[in-house]
Amino acid sequence: MISALGQAGEVELISVDRHSIGSERVEPPAVTGLGKISTLTPGPETPMRDWLRPWVMGGPPRRLIAVDSSELTEVVLRRLESGPEIDLVFYSLLDTWWPVHEAMKNSRTATRSNDRIRPVEVVDFNDLENLSLKLRRRNPPRFTPGSGPIAHLRVLSRWAISRGFDLIDERRWDAVQRDCAAQVA
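Count the sequence shown with this note's numbering and you get residues 1 to 185, in order.
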C-alpha cells in the first residue's frame, strides 16, 4: 500500500511498533516514495487502578484506555500543526485512530480556521473487535492438564470475570467502530 501511495507523492510513515518491545527493532524495507519514517514504541500499559474507574463510568473499551498512546498523539498532532499539509492519514488499526481522534478534538488543529483543511482519514477495519470478543466469550476456559480443583477454580473465576468485562466491551467496541465509520473515509 505504501508503494502504491508513493506513486502519487511522498509518503511519510509514523508507525507504532508493538512487536519489538524488548527485542531488536526491525527496520522497514526500502520502498519507492517512502520519505520520513518515525517509529514509536507504545508506552507501558496503564495499571488497572488508573483505567477501571473511567471504564466503569461508561468510558471506551479497556484496551483503548489501558494503553499509553501519549507519544503517538503528540507526534501526530505536532506533525499536523507544523506542515507541510497532509492529504491522507491511514490508520491500520482502530486502536491508533481513536486516541489521535480524541486528541484532535481538543487541539488547535481541530479548532483552526478553515484556511487549512484536515486530512482525509482512512481506517482499516480488518479486525472487528466486538465480533472478536463475542467469539472469545464463547470459548470455554482452558485448564492445565493434571491441575487440581483449586487451580480449576482459579482459572474458572478469572475466565468468568474476564468474560463479564468482555460482554461490556463488546458493546463499547461496536459503538466506537460505528462512530469511527461515520467520521472517516
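Among the hints, a few may not be true.
[As the list claims (entries may be wrong)] Derived CB-CB ranges, DEER-like:
#1 W159 with L13: 35 to 41 Å
#2 R138 with L40: 52 to 58 Å
#3 P47 with L13: 28 to 34 Å
#4 K36 with A151: 33 to 39 Å
#5 N139 with M1: 18 to 24 Å
#6 E81 with P140: 48 to 54 Å
#7 G6 with L135: 18 to 24 Å
#8 P149 with A182: 48 to 54 Å
#9 A4 with R53: 26 to 32 Å
#10 P149 with E81: 33 to 39 Å
What the hints contain is simulated information worked out from the structure, not anything from laboratory work. All residues carry an ideal CB built from backbone N, CA and C; glycine is no exception.
Query raised in the report: At the C-beta level, are P149 and A182 separated by a distance inside 48 to 54 Å?
Result: Holds: the Cβ-Cβ distance is about 49 Å, inside 48 to 54 Å.
Item checked: CB-CB spacing for L40 and R138 relative to the 52 to 58 Å hint -> violated (35 Å)
Worksheet item: P149 and E81, beta-carbon distance inside 33 to 39 Å?
Response: Since the Cβ atoms of P149 and E81 sit about 59 Å apart, the hinted range of 33 to 39 Å is violated.
Between P47 and L13, does the C-beta distance stay in 28 to 34 Å? Since P47 and L13 have Cβ atoms about 31 Å apart, the given range 28 to 34 Å holds.
For the range 18 to 24 Å, tell me whether the beta carbons of N139 and M1 fit it or not.
violated (32 Å)
Consistency of beta-carbon spacing, L13 to W159, with hint 35 to 41 Å:
holds (39 Å)
Item to complete: Given the hint of 33 to 39 Å, check if K36 and A151 actually sit that far apart at their C-beta atoms.
Response: violated (51 Å)
Exercise for review: Indicate whether the distance between the beta carbons of A4 and R53 respects the range 26 to 32 Å.
Suggested key: The hinted range 26 to 32 Å is violated for A4 and R53, with Cβ atoms some 44 Å apart.
inquiry  = Tell me if the beta carbons of G6 and L135 are separated by a distance inside 18 to 24 Å.
reply    = Violated - the Cβ-Cβ distance for G6 and L135, about 36 Å, lies outside 18 to 24 Å.
Q) Is the gap between the beta carbons of E81 and P140 within 48 to 54 Å? A) holds (50 Å)
Hint compliance for this structure: hints 2, 4, 5, 7, 9, 10 are not met, and every other hint is.
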